[in-house]
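Visitor: Working from the sequences, and respecting the hints, build out all of it.
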Amino acid sequence: MASFDVMPDVQLYQPVELDDALNLADELGDDGWLLGGGQDTYGWLKDRAKQPRAMIDLNGIQALHGIRESADGIEIGAATTLREIIRDERINRDFSLLADAAGRVASPQIRNVGTLGGNLSQDARCWYYRRGLDCYRAGGNICYADGPEAMNREHCVFGASRCVAVSPSDTATALVALDATMVARSVKGERTIAAEDFFVGPDTHITQMTSLKPGEILTSVRIPSKWAGQRFYFEKVADRDVWDFALVSIAVAMSMEGDTVADSRFVCGGVACTPHRLTNVERAARGKSLSDESADAVASLASEGAKPLNYNHFKLPLMENLVRRAMRS
Amino acid sequence: MDIATYKNDVWGQEVLRGVSWDLLWLVIVAAFIAIAGHAIYAATQKRGDKPSSEGARVSRHDALDRAYHWVMAGSVFVLLITGIFPIIGLEFAWLEIHWIAGIVLTVVVVFHILRSIFTQDLSSMKLGPADLKEALDDTTKPGKYSAAQKGMHAAVTVLTLLVIGSGLLMFLAIDSPWWERTNSMSEALLGLVFFVHGISTLGLVGVICLHIYFALRPEKLFYTRSMIRGWISKDELAANHDPQRWTPDETS
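Chains as they are written, first to last, in our numbering: chain X, 741 to 1069; chain A, 238 to 489.
Fair warning: there could be bad hints in the mix.
Said to hold, decoys possible - Heads up, simulated DSS-like pairs for lysine-lysine below, C-alpha to C-alpha not over 25 Å straight-line:
| # | chain 1 | residue 1 | chain 2 | residue 2 |
| --- | --- | --- | --- | --- |
| 1 | A | K378 | A | K471 |
| 2 | X | K786 | A | K244 |
| 3 | X | K953 | X | K790 |
| 4 | A | K381 | A | K457 |
| 5 | A | K244 | X | K790 |
| 6 | A | K381 | A | K370 |
Stated by the list, open to error - Some chain A residues judged to face chain X by a derived CB distance under 8 Å, without partners named:
| # | residue |
| --- | --- |
| 7 | K244 |
| 8 | N245 |
| 9 | V247 |
| 10 | F408 |
| 11 | E424 |
| 12 | G428 |
What the hints assert, rightly or not - A few chain A residues that don't get close to chain X, going by computed Cβ distances all over 12 Å:
| # | residue |
| --- | --- |
| 13 | G255 |
| 14 | A330 |
| 15 | I350 |
| 16 | M362 |
| 17 | D368 |
| 18 | T377 |
| 19 | W415 |
| 20 | H448 |
| 21 | R466 |
| 22 | A476 |
Everything labelled a hint here was simulated from the structure, so no lab data went into it. Ideal placement from N, C-alpha and C gives every residue a C-beta, glycine not left out.
Guide: Below, the structure written as structure tokens:
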């Protein structure tokens, strides 16, 4: 694979008003690449694996920045950096799950410039795909990660449909657990999408990771107060402590009634093409207290229905153990 | 406009990837031009008296054959919708519906082939020189099937067998209730399979457009009715077929 020291020629737009960005996104359609912190973008461009005609830099748009109180919870602008999220008092007080997840993204340097919108919208981290091979996700007719000799240690154990890449976003699992809503805007107006529906698997959209349509911009994320101040648990297992993607991660939100779990969300990252909700674990956890016994009782449900590939069977006990740790008192 | 698309395989060699789906629009436009051309031509022709659908009836299609036809039509529509809509941007979880419809199509086609070979008169659908003569001579009437109907059947047969054959090979590459997906075909062979599947699908799109058009033409509607209810009238038989070449049973 050729490597390049310089960026390719690309037209750069730096709008300061959201309407201008929306008009540009509408005009450019698939040719326009939305730029947040650039931590996913620059790799693609430098490797020439993707060659957009134009980039729309969203960082200068004030309306996309900041964390605000909303009628029911908080609203976070899509261009808010992960560092701002980690340090925000309200988020740490009410939704520490998101702060914990954002705090495990990559490295401090990347979190300083990486945005929430960029982290949620980043592309699959399959190295065959990233290498520029013409796989299903790239519009081809084969999955190189799914062969008998393929290196698929990091790939999915749920929801494979031709492509076996996983959703790499750490904040995605937390936002699904918090029942967040994504706000997307285009020149046609505003659309809100439940976080769970925002991420799409290859069975529906094999060449994209989110349900954003050409011309749409993710403008903010709304987190309802439903889970504010509840019990949270986030853990990410990766090969390195920093600057690495999750082999498996778990984001858990639990509301308690006395000592027992009244309601919960268990969401795993790194195991499916989208953040993977463990609904059978959620059902089983209802009415149980947080204890080693309860943890053992529900943990094995985490990997039910999993179909591991050649090199990622280890993800199944890893998932179970993460559920077990989340259920301990 | 390209017919095929190519890609570099994992070794950097150029191999076939599949059909160029830009051809879809060419096929649709060509089919509509052909339909419009025929409609204009037909409108300029002097029409004879329409035969009556009243009176005595003769049997044209058995219930089993009619059921086969509509099951096949239904599965082909599902296959086209689930196969083509995602390509033109209407994305949904199509793959499972697609392979299930593909199995339905395969089963009914196998059933039809066996039934045709063992219980029906295969020669009634065979295209020959006599059909060419019949097509060029207004005074010659066909047997059970006209040259156009035989031609349509032949085209659908070839295209359907190609789409099923290539589809079955593609089916091996995804999970099913009977096996786990394999990834054993070379990229060049996989590209060829995708190409055959794609090009035969495009052919079917064109042929089906024409088939629906002719099924809905006023002078051919009695054939469509016969595919629903099984019969045509004796008047329609006399006006459109040579009783020496096709002697159907009377029916109520």
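Visitor: If a hint holds in the structure, say so; if it does not, say that too.
Guide: Each hint, compared with the structure:
{"no.": "1", "hint": "A/K378 x A/K471", "result": "holds (15 Å)"}
{"no.": "2", "hint": "X/K786 x A/K244", "result": "holds (21 Å)"}
{"no.": "3", "hint": "X/K953 x X/K790", "result": "holds (18 Å)"}
{"no.": "4", "hint": "A/K381 x A/K457", "result": "holds (14 Å)"}
{"no.": "5", "hint": "A/K244 x X/K790", "result": "holds (15 Å)"}
{"no.": "6", "hint": "A/K381 x A/K370", "result": "holds (16 Å)"}
{"no.": "7", "hint": "K244", "result": "holds (4 Å)"}
{"no.": "8", "hint": "N245", "result": "holds (6 Å)"}
{"no.": "9", "hint": "V247", "result": "holds (6 Å)"}
{"no.": "10", "hint": "F408", "result": "violated (12 Å)"}
{"no.": "11", "hint": "E424", "result": "holds (6 Å)"}
{"no.": "12", "hint": "G428", "result": "holds (7 Å)"}
{"no.": "13", "hint": "G255", "result": "violated (6 Å)"}
{"no.": "14", "hint": "A330", "result": "violated (4 Å)"}
{"no.": "15", "hint": "I350", "result": "holds (29 Å)"}
{"no.": "16", "hint": "M362", "result": "holds (35 Å)"}
{"no.": "17", "hint": "D368", "result": "holds (39 Å)"}
{"no.": "18", "hint": "T377", "result": "holds (48 Å)"}
{"no.": "19", "hint": "W415", "result": "holds (15 Å)"}
{"no.": "20", "hint": "H448", "result": "holds (29 Å)"}
{"no.": "21", "hint": "R466", "result": "holds (41 Å)"}
{"no.": "22", "hint": "A476", "result": "holds (51 Å)"}
The structure shown violates the earlier hints numbered 10, 13 and 14.
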